[in-house]
Amino acid sequence: MAVNPDFVGRTYPPSGPYPVDAALVAAFAAAVGSQDPVHTDPQVARAAGYADVVAPPTMAVRFAQQTEAAYVADPEAGIDFSRVVHGEERFVHHRPITAGDEVVGTLTVDAVRQAGGHSMVTTRTELATAGGEALATCTSTIVVRGGES
Amino acid sequence: MAARPLADVAVGDVVGPVTVPVTRETLVAYAGASGDQNPIHQDEDVARSVGLPDVIAHGMWTMGAAGSVVSAWAGDPGRVVEFGTRFTKPVVVPTSGASIDVEGAVRTVDAETGRVTLDVTVTADGQKVLGRCVAVVRLD
Chain A
1 MAVNPDFVGR
11 TYPPSGPYPV
21 DAALVAAFAA
31 AVGSQDPVHT
41 DPQVARAAGY
51 ADVVAPPTMA
61 VRFAQQTEAA
71 YVADPEAGID
81 FSRVVHGEER
91 FVHHRPITAG
101 DEVVGTLTVD
111 AVRQAGGHSM
121 VTTRTELATA
131 GGEALATCTS
141 TIVVRGGES
Chain B
1 MAARPLADVA
11 VGDVVGPVTV
21 PVTRETLVAY
31 AGASGDQNPI
41 HQDEDVARSV
51 GLPDVIAHGM
61 WTMGAAGSVV
71 SAWAGDPGRV
81 VEFGTRFTKP
91 VVVPTSGASI
101 DVEGAVRTVD
111 AETGRVTLDV
121 TVTADGQKVL
131 GRCVAVVRLD
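Chains A and B, in that order, are what the protein sequence lines are. Take the first sequence: its position 82, counting from 1, is numbered 82 in the numbering used here, and each next residue is one higher. Take the second sequence: its position 135, counting from 1, is numbered 135 in the numbering used here, and each next residue is one higher.
Excised from the complex, chain A in its bound form:
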């Protein structure tokens, strides 16, 4: 089944809120090897001007991928997740995500292209706080590998 091109331009209802807590920030920072105490020590984070411990820049992907799930799992979208590989990812941060944020994601399908028998699907997820403050714009391209059908 091919990826449905009719979804281009579609925006899903907001997803979340996803709470950010200090334990999650610390676990993500440890997993990607970021040893800056701004991830783990609230006093250091506040001294640097942040409300609380600061998420590593790529941690936004956790909330982006949770937001993308509604689209990827939509049977009408035609995405076979077992054939998906990650092609590209890009973040534009409007302000760093910190512990205490309640993150809401809004996904738009930006493009569905065919290339070399594969489908390339580009989505844009706008992350904001529950109060509407912009956090990050996450652009992701997945490649859905074509079968030999």
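If you are wondering where the hints come from, they were derived from the structure by calculation, not from laboratory data. Please note that a few of the clues may not be correct.
Chain A regions said to be covered by chain B (calculated; three or more residues, Cβ under 8 Å) [stated by the list, open to error]:
hint : segment
1    : 23-35
2    : 59-72
3    : 81-88
None of these values were measured; they are calculated from a predicted model. In this text, a Cβ means the ideal position worked out from N, Cα and C, and glycines have one as well.
Given the coordinates of chain A, work out where chain B should sit on it, guided by the hints.
Below, chain B without anything else, positioned relative to chain A:
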């Protein structure tokens, strides 16, 4: 750490290289923290069943580890305002573990906005695993 002063940064400055180890335990930890529990990053039988040579790292782990090197150079992870990459080759992680090498170079410095653009190169076993990996750091 304090953010690196903009005045100390010039085009051509080099970041790293930094070698970052990665083990199966790293990938289990990353899976939990990121929410990406795809078994190709943890289970070699599943990885081989879809044609991979062994377990591979999450592309986003590799990007995240590169982001940590950039963050350490900037002196404040909150200063990384843009970060993007293509995933060009998987990082294979056998039971004995693997590593990536991360290095960067300052391509542009905008003295007015404080935006510093870095080209980031990430290799595993001498082969590039990320393409067009670019970070923008904002410094004062």
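Do the hints match the structure? See the list:
no.	hint	in the structure
1	23-35	holds (count 10)
2	59-72	holds (count 5)
3	81-88	holds (count 5)
Comparing the model with each earlier hint shows no violations; every hint is respected.
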